[in-house]
Amino acid sequence: MEAVMELQGLRKEYPDFTLDNIDLTLPAGSVMGFVGENGAGKTTTIKTMLNITRRDGGTARFFGLDMAEHEREIKSRLGVVLEESLFHGTLRAPDIDAVMRRIYRNWDSALYGQYLEDFALPGKKQIKDYSRGMKMKLSIAAALAHDPQLLVLDEATSGLDPIMRDEILAVFQDFVRGGTGRAVFLSSHITSDLEKIADYIAFIHRGRLVFCEEKAKLEGSIEELMLAYVHQAQGREY
Amino acid sequence: MTGLLFKDLLNLRKYSKTLAAVFLIWCAIYIPQGSVNFLAGMMCILTVMMAVGSMSYDESAKWDRYALAMPLTRRDLVLAKYLLALLLGVGGSLLALLIGFIASFFIPASIADLAMVTAVSLLLSLVYASIVLPFIYKLGVEKARLIMIVAFLVPYALVVGLGRVINVDLSALESASPTSLLLLGAALTALVVFISYRVSYGIFAKRDL
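Note that the protein sequences, when read in sequence, are chains B and V. Quick note on numbering: the first sequence equals residues 1 to 238 in the numbering used here. Quick note on numbering: the second sequence equals residues 1 to 209 in the numbering used here.
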């Protein structure tokens with residue numbers, strides 16, 4: 001199956017943390033859950049593979065193209081939701097439409113409007129007055145409205161209530177099924193969400209990839225495997 | 001690029017309403033005194049400064065990180081800020097000229113003088129923005145505040161201080177025509193803006209977001 005995303009030896013060094021040689025392959029038509037405890041390196045991996053943070057080694061390829069050479073082309077085909085970054089608080093949802101249609105060639109204002117309606121996001125309210133869940137939903141609407149091929153989501157379901165989480169997960173599943181060659185890369189520490197929708201699970205711990213495996217082949221739940229590994233690792237270290 | 005400029009203009013809507021109120025109060029104070037030129041100068045400076053204000057909004061939203069996940073490059077982000085400063089400065093200048101023109105019907109005012117003062121103010125404002133922007137890219141808006149205050153003196157220091165240090169007789173400039181001096185100033189400003197843009201981009205390109 002064709003790979004939508006391939007990371008090879010991705011490396012990023014900070015004085016107190018190193019993301020160490022991350023290798024990941026995300027096949028088309030699948031959802032990959034990227035799990036790990038807080039501070040394990042999930043956000044650093046996403047920022048590094050997207051060139052938001054400079055990398056110290058490795059390559060990131062999307063749709064067969066190298067990020068170092070085809071950054072703009074690749075990013076026009078990505079829908080990205082980042083945990084802490086969003087639109088400015090003084091803007092309103094219709095303003096986002098006005099800005100994004102000038103940034104994305106494929107921006108679909110009607111589709112964006114449909115998502116706003118589906119997610120019950122008020123157009124008259126300033127974003128700063130949105131709840132955390134509403135901000136996340138707005139981000140997801142903006143990530144989906146330009147017909148991306150790959151969704152990259154950093155903790156996109158955190159801050160949402162269980163019912164809304166379920167609805168959002170269904171949106172992600174519909175997205176993957178809605179077209180050929182699509183995929184979702186979803187980082188989360190809520191393992192129950194990943195149990196529901198992920199086809200592959202990648203587990204990162206202290207900047208190192210512990211495993212990347214088909215979920216169906218895992219022996220035990222994601223949480224059990226994570227805890228078993230962490231306890232074992234701590235046993236070795238202490 | 002237009003998306004970035006549009007985003008900034010939308011963000012500055014509220015700020016521009018406050019600024020409009022300030023301008024109105026100034027008009028009420030300075031026009032009866034005949035100080036139209038002073039008014040024009042201040043309007044240029046404040047409108048260019050709005051570009052700096054927009055960076056403060058970007059910082060609090062962590063916008064740059066988000067923008068770089070879109071089909072935008074670091075070069076686009078930096079260039080858009082310089083274009084915004086230019087756009088706002090030109091807009092402020094045109095507004096100042098319009099106000100001066102209207103005021104000239106009620107008070108004695110030379111439109112030629114006003115145009116010259118406005119043009120010089122625009123150039124000095126752009127020089128000021130060019131000094132400040134690289135520091136903001138390096139330090140962030142909050143930490144660069146002191147630099148912003150000190151930088152107000154730089155355009156003055158460049159003209160007077162440098163002239164004394166390298167012992168240039170500035171009185172020679174008095175014999176030159178105002179138009180040629182303005183053109184020389186515009187060329188120097190363009191150079192300063194270009195160098196500043198390159199420095200800002202160099203800083204921003206190396207930053208982890």
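Simulated from the structure, these hints should not be mistaken for laboratory data. Just so it is clear, the structure is predicted and the values come from calculations on it, not from any experiment. Take these hints with a grain of salt, some might be off.
For lysine-lysine, the following DSS-like pairs were computed, each having C-alpha atoms within a straight-line distance of at most 27 Å [stated by the list, open to error]:
#1 Lys-206/V / Lys-143/V
#2 Lys-138/V / Lys-124/B
#3 Lys-206/V / Lys-125/B
#4 Lys-215/B / Lys-62/V
#5 Lys-143/V / Lys-62/V
#6 Lys-135/B / Lys-62/V
#7 Lys-14/V / Lys-206/V
#8 Lys-135/B / Lys-14/V
#9 Lys-128/B / Lys-143/V
#10 Lys-135/B / Lys-217/B
#11 Lys-124/B / Lys-17/V
#12 Lys-62/V / Lys-125/B
#13 Lys-128/B / Lys-206/V
#14 Lys-14/V / Lys-125/B
#15 Lys-135/B / Lys-124/B
#16 Lys-124/B / Lys-143/V
#17 Lys-217/B / Lys-196/B
#18 Lys-14/V / Lys-128/B
#19 Lys-143/V / Lys-14/V
Numbered hints the structure breaks, given as an ascending list: When the structure is compared with the hints, numbers 2, 3, 4, 7, 10, 13 and 16 turn out to be violated.
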